[in-house]
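A.B. asks: The listed protein sequences derive, respectively, from chains G and Y.
Numbering-wise (this note's numbering), the first sequence opens with residue 1 and increments by one.
Numbering-wise (this note's numbering), the second sequence opens with residue 1 and increments by one.
Quick caveat, the hints were computed from the structure, so don't treat them as lab data.
Check each hint, because a few of them may be wrong.
In silico SDA-like cross-links for lysine to any residue, where the CA-CA straight-line distance does not exceed 25 Å [what the hints assert, rightly or not]: (1) Lys107/Y <-> Glu192/Y; (2) Lys98/G <-> Pro187/G; (3) Lys261/G <-> Thr222/Y; (4) Lys261/G <-> Gly104/Y; (5) Lys103/Y <-> Ile13/G; (6) Lys107/Y <-> Val22/G; (7) Lys51/Y <-> Trp36/Y; (8) Lys98/G <-> Leu29/Y; (9) Lys259/Y <-> Trp77/Y.
Residues from chain G that face chain Y, not an exhaustive set, calculated with beta carbons under 7 Å [to be verified]: (10) Ala119; (11) Val254; (12) Leu255.
Which stretches of chain Y does chain G cover? Using the computed rule of at least three CB atoms under 8 Å from a CB of chain G, they are [what the hints assert, rightly or not]: (13) 36-45; (14) 72-82; (15) 103-116; (16) 133-139; (17) 228-235; (18) 258-265.
Model, not experiment: these values are computed from the prediction.
Beta carbons: idealized from backbone N, C-alpha and C, even for Gly.
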Amino acid sequence: MIAGIRPSPARTISVNLLLGAVIIVWLSPMSWLIMTSVDPEASGSFSVPSRISLEHFAVVLSGTSLRQFINSLVIALATAMLTTAVACMAAYPFSRLKIPYKDTLLWSLALLRILPSTAIIIPVFLTGRVLGLLNAGGVVLILTLMNLPFAILLLKNFFDTIPTELEEAAYIEGATLTQNLLHVVFPLSRAGLAVIWFMAFTSAWNEFLFPFVMLRSDQEFPMAVGLYAAFGQYGTTDYGFLTAYSIIYAAPAVLVYFLLKRNLTTGFAGVGVKG
Amino acid sequence: MIATSHVWLRRSAAPLVVGALPAILFIMLFGVYAGWTIAVSFTDLALLGRKAIEPSFVGFDNYVRLVARDGFLGAVWTTTVFTFFSAIVGQCGIGFLLAVILKGGKKRLRGIVEFSLLFGWLAPDVVAAFMWSALASPDGLLNTVILRPLGFERVHLLNLYAMELVVISNIWKGTAWSYLLFSAALDTVSREVVEAAYVDGANAWQRLRYVLVPLLRPQIATNLLLVTIWTYAFFSLIWALTGGGPGRDTEVLSIYMYKQAFEVGKLGYGSAIAIAMMLIVAGLSVLYVRQGKDALR
Chain G
1 MIAGIRPSPA
11 RTISVNLLLG
21 AVIIVWLSPM
31 SWLIMTSVDP
41 EASGSFSVPS
51 RISLEHFAVV
61 LSGTSLRQFI
71 NSLVIALATA
81 MLTTAVACMA
91 AYPFSRLKIP
101 YKDTLLWSLA
111 LLRILPSTAI
121 IIPVFLTGRV
131 LGLLNAGGVV
141 LILTLMNLPF
151 AILLLKNFFD
161 TIPTELEEAA
171 YIEGATLTQN
181 LLHVVFPLSR
191 AGLAVIWFMA
201 FTSAWNEFLF
211 PFVMLRSDQE
221 FPMAVGLYAA
231 FGQYGTTDYG
241 FLTAYSIIYA
251 APAVLVYFLL
261 KRNLTTGFAG
271 VGVKG
Chain Y
1 MIATSHVWLR
11 RSAAPLVVGA
21 LPAILFIMLF
31 GVYAGWTIAV
41 SFTDLALLGR
51 KAIEPSFVGF
61 DNYVRLVARD
71 GFLGAVWTTT
81 VFTFFSAIVG
91 QCGIGFLLAV
101 ILKGGKKRLR
111 GIVEFSLLFG
121 WLAPDVVAAF
131 MWSALASPDG
141 LLNTVILRPL
151 GFERVHLLNL
161 YAMELVVISN
171 IWKGTAWSYL
181 LFSAALDTVS
191 REVVEAAYVD
201 GANAWQRLRY
211 VLVPLLRPQI
221 ATNLLLVTIW
231 TYAFFSLIWA
241 LTGGGPGRDT
251 EVLSIYMYKQ
261 AFEVGKLGYG
271 SAIAIAMMLI
281 VAGLSVLYVR
291 QGKDALR
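Just chain G, same shape as in the assembly (with noise of 0.2 Å):
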């Protein structure tokens, strides 16, 4: 758009050399990451693997390692599912009711939203230790909390633009509320539920800081602790077995983009014009 409607062959060049300059920026790390992995002989350094294994993989596929991707996926499963049910529940009303200092209760959400973790990780812990939720439960109820307020946000826009006539029709023909919310309004704010579920689910895989604080054993990591805990533990780093972890680790992550990729699109569309 902006090269120009008819662009020089001089620029055409530069900007082709200045995109491939990007590519090769952002992969490489990518690219000795999967070679590193794939190496039995790995070290640190920058070589093309003599042969192919996944040895390393088997490695992390078993043991404590096997068991922090369990603890990961457990943790990232329930914080989403929970988040999603919980804004659902919330953002139906709040679309739909006309509820006293709607705007008031929009700002404070919004304003939620933007408090770090470290404004309120102090607290978290000194209640976790009272009631004994230093575990992964209490890291989800934790990370539904920080997840909540921006979903419910996010949702409450998405239900907005959805056309009441639908419910109303349904009501006439005599549908309840559960099967109105079940069969009209879920199926049409998909995308947004994708967001939030993609939103959840990521940030609570990625999270580092709540269970780094609230955790105490390798038994209990998950994989964000467990590969900060692993480098640099034996004296020499073991970089085949850390490769091949971090991309264990990062897969569900990118898998899980890709596959609602097409729902997120719209739902990013969203976030860019509401902020």
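Add chain Y to chain G, keeping to what the hints say.
C.D. replies: Same frame as chain G, but now just chain Y:
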């Protein structure tokens, strides 16, 4: 108190409110926690020892300490430098330029660039930190492929250029977000406007500066706000990459706060740091929101 104009909801207000209760409780708890941090910041509560059980009220002592000792102010400066270069210049700048260049470009090239950016964004923070620390190690990719062939000695990049590396890795990590957002925003600009500027003789820089940037100013302001807020409180990538070191070179506010609260054990002082962080971010937000509003007038 709660009313609705929708017929089908008239009799269901009660179940709807009950359904919303869990969310209301969560949100209230969020507010309570925030208030609790403020309360703790006025005490000398400690992680362990006698002060953990019976903390005493110390007034503004913790806040005075923020200004009186240099640790906090140093961290503010480090965070500001980190945020400015990695988020504003790096993520927003590069993301915007790429979005503009790739709009209307070849589909396949665009696909490849998008995929590469996305990988950085989707890779978890700790993976990004591990990758960049390995790349920067004395026998890592940066040394063996770039510096050695150019005739430089092997160097421990993480010791010598910690801040630069942290900034670069955060640009690598976060540019995709700004790119996606600006790319979606550019779709709303009609082609005719840009073409009209072209016909009137505006060059590429002028079209960017006087047509696209003013048109997209609200979206740019929103994104700058979001990215600044996130980056100002960013913890995991820097912590896993450098731990705030060497020395205090990359000790941003979140790391300073973590160390004071959970390593030194001064929960009261840590809370004061967290509150100060929030106030700084709030101040920046007001600034950006004003900018965005001016543009709408």
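A.B. asks: Run every hint past the structure and note whether it holds.
C.D. replies: Checked hints:
For the proposed pair lysine 107/Y and glutamate 192/Y, the alpha carbon gap of about 21 Å is at most 25 Å, so the pair holds. Among the hinted pairs, lysine 98/G with proline 187/G is consistent with the structure: their alpha-carbon atoms are about 24 Å apart, no more than 25 Å. Taking the CA atoms of lysine 261/G and threonine 222/Y, the gap is about 23 Å. The hint holds against a cut of 25 Å. The straight-line distance between the Cα atoms of lysine 261/G and glycine 104/Y is roughly 21 Å, inside the 25 Å bound, and the hint therefore holds.
The suggested pairing of lysine 103/Y with isoleucine 13/G holds, with an alpha-carbon distance near 16 Å, which does not exceed 25 Å. Restraint check for lysine 107/Y and valine 22/G: satisfied, since their Cα atoms lie roughly 16 Å apart, inside the 25 Å limit. The suggested pairing of lysine 51/Y with tryptophan 36/Y holds, with an alpha-carbon distance near 17 Å, which does not exceed 25 Å. Distance hint between lysine 98/G and leucine 29/Y is fulfilled; the C-alpha atoms sit about 24 Å from each other, no more than 25 Å.
Taken as a hint, the lysine 259/Y and tryptophan 77/Y pair is honoured in the structure, with Cα atoms around 17 Å apart against an allowance of 25 Å. For the restraint placing alanine 119/G at the interface with chain Y, the shortest Cβ-Cβ distance is roughly 5 Å, inside the 7 Å limit, so the hint holds. Satisfaction of the interface hint for valine 254/G is found here, the shortest Cβ-Cβ separation to chain Y being roughly 5 Å, below the 7 Å cut-off. Annotation: leucine 255/G was flagged as interfacial toward chain Y, and the flag is violated, the nearest CB pair being 9 Å apart, outside 7 Å.
Residue count for the stretch 36-45 of chain Y with a Cβ under 8 Å from a Cβ of chain G: 3. That meets the three needed, and the coverage hint holds. Using a Cβ-Cβ cut-off of 8 Å, 0 residues of the stretch 72-82 of chain Y lie near chain G, which falls short of the minimum of three, so the contact claim is violated. Here's how the stretch 103-116 of chain Y fares: 7 of its residues keep a CB closer than 8 Å to some CB of chain G, so the rule of at least three is met and the hint holds. Check result for the stretch 133-139 of chain Y against chain G: holds, 5 residues qualifying (beta carbon to beta carbon below 8 Å, three or more required).
Counting residues of the stretch 228-235 of chain Y whose CB falls under 8 Å from any CB of chain G gives 4; the rule of at least 3 is met. Check on the stretch 258-265 of chain Y: 3 of its residues sit with their Cβ under 8 Å from a Cβ of chain G, so the three-residue criterion for coverage holds.
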